[in-house]
Amino acid sequence: MKTNLPKTAIVVLILALLGSVWLSRCAARDRSSIVQPARRTAAGFGKFMSQLSWIRLTQLRGAGSAQEKDVAAMLQRRFETITDLDPLFADAYEQGAMDIAHAAPEDALRLLDKALAVEKLRNWKIPVTAGFIAMRQLKSADRAAAYLEKAVRLPDCPSYAHRMLIYAKAQQVDNEPFAVLNLWTDYLGARERTGPGELGAMPFLAGAGEMRSGEDRERVLARVSELSQQVIADSQAQLAKESDPARKTELQTRIEQTQNIIGLVYGGQHICAKCFRKYAAGDRFCAHDGTEVAPYGVCPAGHVMHGSFCHLCGRAAK
Amino acid sequence: MNDLFTICKTTYTRILRTRALYLLLAILLLIVAAAHLYHDLTMGREKELMFDTGAVVLAVVGLLTGLVVVFDVARDMREKLVVTLLSKPLGRTQYLLGKFAGVIWAGTINLAILTAGISALLYLENGSGRPEFLKAAFGAWGAMVMATGIGVLLITFLTEIPAVILTLLAFGLGHATERLYQSQWTIGSILFGVLPNFALLQFKSELSNGLAVDWSLIGLSVAYACVYTVALLSVGAILFHRRDLA
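Chains as they are written, first to last, in numbering that gives the first Met the number 0: chain A, 0 to 317; chain B, 0 to 245.
Misleading hints may appear alongside valid ones.
[Stated by the list, open to error] Counterexamples of contact, computed for chain B against chain A with all Cβ distances above 12 Å:
(1) Leu20
(2) Ala119
(3) Leu123
(4) Gly126
(5) Leu133
(6) Ile164
(7) Arg241
[Claimed, not checked] Okay, the calculated bits of chain A under chain B, using three or more residues with CB under 8 Å as the criterion:
(8) 11-17
(9) 47-57
In short, the hints are calculated from the structure, not lab data.
Quantities reported herein were computed from a predicted structural model and do not represent experimental measurements.
The C-beta atom is built at its ideal place from N, Cα and C for all residues, glycine as well.
Full structure from sequences and hints, please.
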């Protein structure tokens, strides 16, 4: 046994080595599609080290004002280290960028760009934060729109990110009312068309469950009404002064298009002819601008109806 | 084969009979449980901290197990126990494999106790189980097998202190060899297959951050660790066969 041992061991060694080479390559190949390699390995303790650094950094964040450039630079280095140790640490990117955004907005965006480059990290908060910083600190609508376009394609992105994107796009067109109205109408159209079963077909709205909530819809409708009123008022004012027939036709078309939009948005509903906002049953004047409106849902005596007959005078509706 | 089992049983019985070991395991579980108190200090990330601390505890215990075999074999040599044992009809390979298997068995029991304890803590912390922790535990087990294999190989031709230092070094550097997979050079590709690759057994960050890691990948990685350890033990057997024990 003893004399044969090295030969057996050599054969086993060769076979095991070949097997381990093959298995390591298979594992590395499969792993590359799932695992995000860290920039710093830290002997396999990178994730834990990043947690410890986070705890330490939490103390530092409270100790100094991140509005000072040197403090912001120090914080940025620390956040870089944490995210090098754990590239999937979404909170570190997001909160780090928000911390240093005031003193060093470009560095904040660099940190968020680093997060966006991490393929496995699909967190809508990262591009939304980047869009916010680009819009608020750098006043760059183009960069903000680019980030927010990425955000709205990510799962679970809330409706306010969609609205932020429209505000950024509105700035790109210098807030020209008719162009902005079209942006909101497109959004509303997409929103209305997207039923729960159709989310997959419209990836840019995927997962935006909150967006289908009534609150978001009311906000969008209010904005559409406000802009429509502005477009029609501006167009009518220009039309009165305009002498060029081509321009007059253009303005007339714009008014008609806006009215069509209002018709599509509020089709079959009772709206004020001036401000294009809904009014309730029994209202005689618009609650927003005091314009007289045609009442509905009232009996001949003017009482608000709750059914087929008036609960106060017993008469049928008008 | 009986000789191998006898060596294995003696080794793991001796390790598991150490009372300090259970105290150490209890302290490690307390350290993991202490993460619960870190809500404010981590800004609400105490659940992730507990998961990460648990995974690190398993990795450390696995690594220490790799060092136990170094000290155990070194002690046998120092006390000339090896000479006594090998004077009986016992092969050197059986001795080495018995030591390896005994340490792995004891390490597996330790990891199982810790995994059960940490899983219970995670259940209490999250209000529901974290089954993915089991994947981290399998990764830690694979790393333990490989670290023990390296320890066995090194102690066959080195004394204990250099063997311990080199085992630790191999564990540390073994996490960086994954980069060689992307290497354009042939030598890099060869080194990737030949050098120990502990990074293939690391899934802590992905599991902690909620990314799905398939069991097939865990199985492949653990299979790699086992096969690579066989290669290490073969080299160890060859070197130990030629070593002068007198």
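Compare the structure with the hints numbered earlier in the document and write down the numbers of the violated ones, lowest to highest.
-> Violated hint (a single one): 7; every other hint is consistent with the structure.
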